[in-house]
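Undergrad: Now for the letters of each chain:
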Amino acid sequence: MSSYNDSILTILIFAPLVAAAALAVLRSEHALRWLALLFTTAIALVSAPLFWQFDTSIADFQFALTRPWIPLFNIHYAVGVDGISVLLVLLTTLVMPLCVLASWRYIKVRLKEFMVCLLIMETAMIGVFCALDFVLFFVFWEAMLIPMALLIGIWGGPRKIYASLKFFIYTMSGSVFLLVALVAIYLQTGTFSIPEIMRHEFSHNFQKWVFLAFFISFAIKVPMFPFHTWLPAAHVEAPTAGSVLLASILLKMGTYGFVRFSLPMTPWATDYFRPFILWVSVVAIIYGGLTALAQTDLKKLVAYSSVAHMGFATLGIFALNQSGLEGAVLVMINHGVTTGALFIMVGIIYERLHTRDLTQAAGMGRRMPVFATFVGVFALSSLAFPGTNSFIGEFLVLKGGFEVSIALMICAVPGVVLAAAYMLRMLQRIAYGGTNNPDHSKVADLSAREVLTLAPLFVLVFWIGLNPQPFVTIMKPSVARLVEQAEREKVQEARPTAVQRVRITGISVSSSR
Amino acid sequence: MNSFWLHPSLLFILGSLLIPLIPARAKRFYLLLVPFLVFARVITMSKGTFGELNFLEWTLIFGRVDALSQVFGYIMSLMAILGTLYGLHVKQDGQHIAAWVYVGGSIGAIYAGDFLTLFLFWEIMAFSSVFLVWYRGRKESLWAGYRYLLVHVAGGLALLGGMVMHCTAAGSWEFTQLDVQNPTPATWLILVGFILNAAVPPLHAWLPDAYGEATFNGSVFLCAFTTKTAVYALCRGFPGMDILVPLGVIMALYGVVYAVLENDCRRLLAYHIISQVGYMVAGVGLGTQMAINGACAHAFAHILYKGLLFMGCGAVLHMTGESKFTELGGLWKKMPWTFVFTLIGGLSISAFPLFSGFVSKSMIVAAGFEEHKLWVGFLLMLASAGTFLHTGLKVPYFIWFGKNQPRKETFDRATEPPWNMNVAMAIASVLCIFIGCYTPYLYQMLPFPSVAADYAKTVYSSYHISETLQILLFTGLGFFLLLKKLTPEPTISLDMDWFYRIGGRAFSWIARGPVQTLDTFVGELYRYAGLIPLMITARIAGMFDNVVIDGLVDGLASGVRGVGRRFRIAQRGQMQENLALAFGVTALLIIAFIFYWSKS
Amino acid sequence: MKLATLIEFLRARLKLVIRISIAALVLLVLWDTFLVDKEHAHTDAERFWGFWSFFGFFGCVAIILASKWFGHSGIMKREDYYDE
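Keeping their order, the protein sequence lines are chains X, F and W. So in the working numbering the end of the first sequence lands on 513, straight run, no missing numbers. So in the working numbering the end of the second sequence lands on 1600, straight run, no missing numbers. So in the working numbering the end of the third sequence lands on 2084, straight run, no missing numbers.
Extracted from the complex, chain X is given alone in its bound form (with noise of 0.2 angstroms):
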């Protein structure tokens, strides 16, 4: 088994582009469709093992193999996966068929190109996660954006140039700075490898600069108020597969950067912005619950619901203990399954209105049985009801925020409440509407290919929430081994938690009075 140890996340980097270049001979449109679900199914088949197969006693990183690429600057091609990227991987195969499925009918015209264009953004993503050379990893950084730009440019929206060109500005704009730090960390260190640049140690000023670099570029990614505008056109704009691609996976990268690089290579550089951060992680939920609370455009609605949820992983990020790291990741898996589906479930109603306006699309439930079924778990999962996935990843953030400071928890704690009342609203439209609601007599219920589409994130949706330990236990190493990393060059000295400031004011009351 060892050979599949050392291969298997190459397999899984390069299959798809193989299959871009078989479907790239094909004509026919029948053949087009059913070949590129084969093949993404196959890759996720071929990439549930890790799941069970990941050591999770060991923090170091799995599946490893690396080969020289450019010996004259140092840089090999490394990859492998530790207890955070492995899920992300999983989440990535996972959401590949489903977004073919969910593009069956959606797109007509040059479905060839789409396909390919999809196929080539699987190997970005994948490779993005499981790259181990800092070079390699900026490679499929950027190889993600022009499939990312066409996907949104040519199958988009009424104003889709402006949404492709939005997007494609912002990010390139952020990965300049991206680029910077990567030359400026070689030029220090003369390695690109990552897990070596981890343990090397950094002047203070440097760390300095080098983190606002990856700061920008990840939180332009992630994305992070006030660099988030480019998504609500972007998800407007793009087709469901797009969009779908695009808060489950992408919107990943950046939280991923941060976890990756950002803490790790400049954990002073960490501590030091870290308050500045957490705040504006606050803002980001309220002001996403905000605006969210505005829309009538469904798509721009959950897609302000995603700066809101990135919020909380970065502030269970930036809380830089267990509970908070682990309710990042969680948040980030989380939110892909379920705003994955929350978009699919939009390009549902699309498909059937030819409109996403909430209004219009008021009390479609009732006449849908399986479809308010659907968007009730999702929309319920998405508010962080108990016993659904979103509410562990929020319970462990707030946990992990309780410990460094209750100020900050209570300010972020009415952005649950906020995402309540969208989400309510927009369910309570969709499932019953109003005293008049828009005539859907003659509109079908969910198809069998649609239930399929939507079937594993609904599981998902109650395995994470009820069941979440083989999730936890994975990252759980990993995530340790990350705090321990982040704090070796903390700042400030130990001084007393907000928790334990209670026990001690507890103590004083009693005895002063």
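Honestly, the hints are just simulated from the structure, not real lab data. It cannot be assumed that every hint is accurate.
To be verified - Derived lysine-lysine pairs resembling DSSO-like cross-links, with alpha carbons at most 30 angstroms apart:
hint: 1; chain 1: W; residue 1: Lys-2015; chain 2: F; residue 2: Lys-1403
hint: 2; chain 1: F; residue 1: Lys-1027; chain 2: W; residue 2: Lys-2068
hint: 3; chain 1: F; residue 1: Lys-1485; chain 2: W; residue 2: Lys-2077
hint: 4; chain 1: W; residue 1: Lys-2002; chain 2: F; residue 2: Lys-1403
hint: 5; chain 1: F; residue 1: Lys-1324; chain 2: F; residue 2: Lys-1334
hint: 6; chain 1: W; residue 1: Lys-2002; chain 2: F; residue 2: Lys-1485
hint: 7; chain 1: W; residue 1: Lys-2077; chain 2: F; residue 2: Lys-1403
hint: 8; chain 1: F; residue 1: Lys-1324; chain 2: W; residue 2: Lys-2068
hint: 9; chain 1: F; residue 1: Lys-1408; chain 2: F; residue 2: Lys-1091
hint: 10; chain 1: F; residue 1: Lys-1485; chain 2: W; residue 2: Lys-2068
hint: 11; chain 1: F; residue 1: Lys-1047; chain 2: W; residue 2: Lys-2077
hint: 12; chain 1: X; residue 1: Lys-108; chain 2: X; residue 2: Lys-476
hint: 13; chain 1: W; residue 1: Lys-2068; chain 2: F; residue 2: Lys-1403
What the hints assert, rightly or not - Far from chain X, some chain F residues (derived; all Cβ distances over 12 angstroms):
hint: 14; residue: Ala-1169
hint: 15; residue: Leu-1469
hint: 16; residue: Gln-1516
Keep in mind it's a predicted model, so treat the numbers as computed, not measured. Built from N, CA and C at the ideal position, the CB exists for glycine as well.
Please arrange chains F and W on chain X, whose structure you already have, making use of the hints.
TA: Same frame as chain X, now just chains F and W:
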């Protein structure tokens, strides 16, 4: 956990999911069967701790069965039977499902042994009960439901926040008595969560708002469960917390005052719930064994008689379509039995001798006097007078008697409700009287039975009877003398919900207006600050390129051409001469070059 | 319905019903003054004859007047106050 412990809520929740699959003929039977099964399960449960589940790093306890939870579980499952029977003829499956999930959530919260489980069921209760409001189907119902849900989500989050803080500090998630002598911020947050569900002012406005707007049978369920679960939680977590005593007394009087002003009979009853729960909250605050007994006994009796009252008014609403006093009156001819049942409910709530309220409410008042908190005792007695005033007198009088004539259609529609509603009301009435007459039935279920048994000896003393009868009957005298002052007016009363209703509109305006504008501005900022200057710079560069550089090159080129043209004139026609000229010029240039080079 | 006829019967003899009720009230106060054992009373005020009668009557009047004053001072509004 070795063997599977059947949680009663599981029966309700699973049972509710099966409702759509039961054929119509068997549906009524099924609807009665499941609550009976749950009730049977509850009364046969043995005491102890069951249903432990390992979840991540914590242990969840689903079944903590002791006297305190049993007394609540008993009456709640009993009320579920009556409520389902009352609504048996409702055709929408969704209403039954919502009601059962709601009761399941309540019972789950009662038996929860740890905070996480409590929170889970707390949220289930909120989300399922909102449907009982939404099913009414009016435009106001939609908004009332939203407000209800959002208030409860906010309360649930306060609870969650307090829980996380408390359990992180205490190291355990068990739901036990909190330290009421030294409250921490965590304790306060948990308290806020509990008292919001108990509808303690100022967090109470959701109750009349939602309960007055729910379906006719939905209100029967609503009145019984949310507030009593909160009372249970307060009994479990905060016995003896001093601030609850004044809060409870204020509640009791607050509800009474607003009830006098109310025009809608069901909203009046809802304000009444606030008043009665005030007794229970005060009891929890007093904290003695008799006071806790009183709170539990009163909760038990309250569920029954409040359910009965809502059943009576619900019947009026269902049969006539009206619930406002200004639209009703003189129905005694058409719905006499409903009148009798409602009257029994009114007499129970007023604590008339021989009825359930007499043996339960007085326990709290006696506990207050025993603690020498005289003002508590007297103010609660005052609230009792107010209680009889509206629930025992105003409601029956203005609906069934009174000088007001309803519209003709209303009067014509009125008739006795269907058999199932009458039977449900009859059973509830019988129970109210039974509890009042035969005290051991209730008293043995209380958490401190020996203390209750002691009290039982004094409850029917002549003094007590005389005291109660005097208050009530002279209140009746006051009512009839001041009848003109009490004539219903078609108004609504503003309450604390004014703040978040007007506030909510302002909030929505902020979300739609300034925030959206800001977002669009920032979104376009990249265009104004980024793209446009970039394009302008690009155009300038392009211009520079075209005009300056190219100009230079072009100019040079045309210059060269011009010179060339001039030189063409100098050219002769023959090649030799041109060649000679060319060579001559070249030679001159070379000599000049060598000359200058040797010089430098 | 037998019940409806019973109520009709009582309504027809309203004056008699009222007289009997007033008699009952007087009897109640007399019973309280002379026959009831006031050992359980918590305060001295309660031993006063007919204490609770006054408490009930004046309490009721106080509640009605206070509530109506409170309501008419601005709390009570027309029914469509909240409609947009």
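Undergrad: Each hint: holds or not?
TA: Do the hints match the structure? See the list:
1. W:Lys-2015 x F:Lys-1403: Between W:Lys-2015 and F:Lys-1403 the Cα gap is close to 17 angstroms, so the pair holds against 30 angstroms.
2. F:Lys-1027 x W:Lys-2068: Distance ~48 angstroms between F:Lys-1027 and W:Lys-2068 Cα, so the pair is violated.
3. F:Lys-1485 x W:Lys-2077: Holds. F:Lys-1485 to W:Lys-2077 sits at ~18 angstroms (cutoff 30 angstroms).
4. W:Lys-2002 x F:Lys-1403: holds, 23 angstroms
5. F:Lys-1324 x F:Lys-1334: holds, 17 angstroms
6. W:Lys-2002 x F:Lys-1485: Violated, at about 33 angstroms.
7. W:Lys-2077 x F:Lys-1403: Holds, because 24 angstroms separates the two Cα atoms, which is no more than 30 angstroms.
8. F:Lys-1324 x W:Lys-2068: Answer holds: F:Lys-1324 to W:Lys-2068 is near 18 angstroms, not above 30 angstroms.
9. F:Lys-1408 x F:Lys-1091: OK: F:Lys-1408 and F:Lys-1091 at ~28 angstroms, within 30 angstroms.
10. F:Lys-1485 x W:Lys-2068: This hinted pair holds, its Cα atoms lying about 8 angstroms apart.
11. F:Lys-1047 x W:Lys-2077: violated, 52 angstroms
12. X:Lys-108 x X:Lys-476: Distance ~45 angstroms between X:Lys-108 and X:Lys-476 Cα, so the pair is violated.
13. W:Lys-2068 x F:Lys-1403: Holds. W:Lys-2068 to F:Lys-1403 sits at ~20 angstroms (cutoff 30 angstroms).
14. Ala-1169: violated, 5 angstroms
15. Leu-1469: Fine: 47 angstroms to the nearest Cβ keeps F:Leu-1469 off the interface.
16. Gln-1516: F:Gln-1516 is in fact no farther than 12 angstroms from some Cβ atom of chain X, at 5 angstroms.
Violated hints, in rising order: 2, 6, 11, 12, 14 and 16; the structure is consistent with all others.
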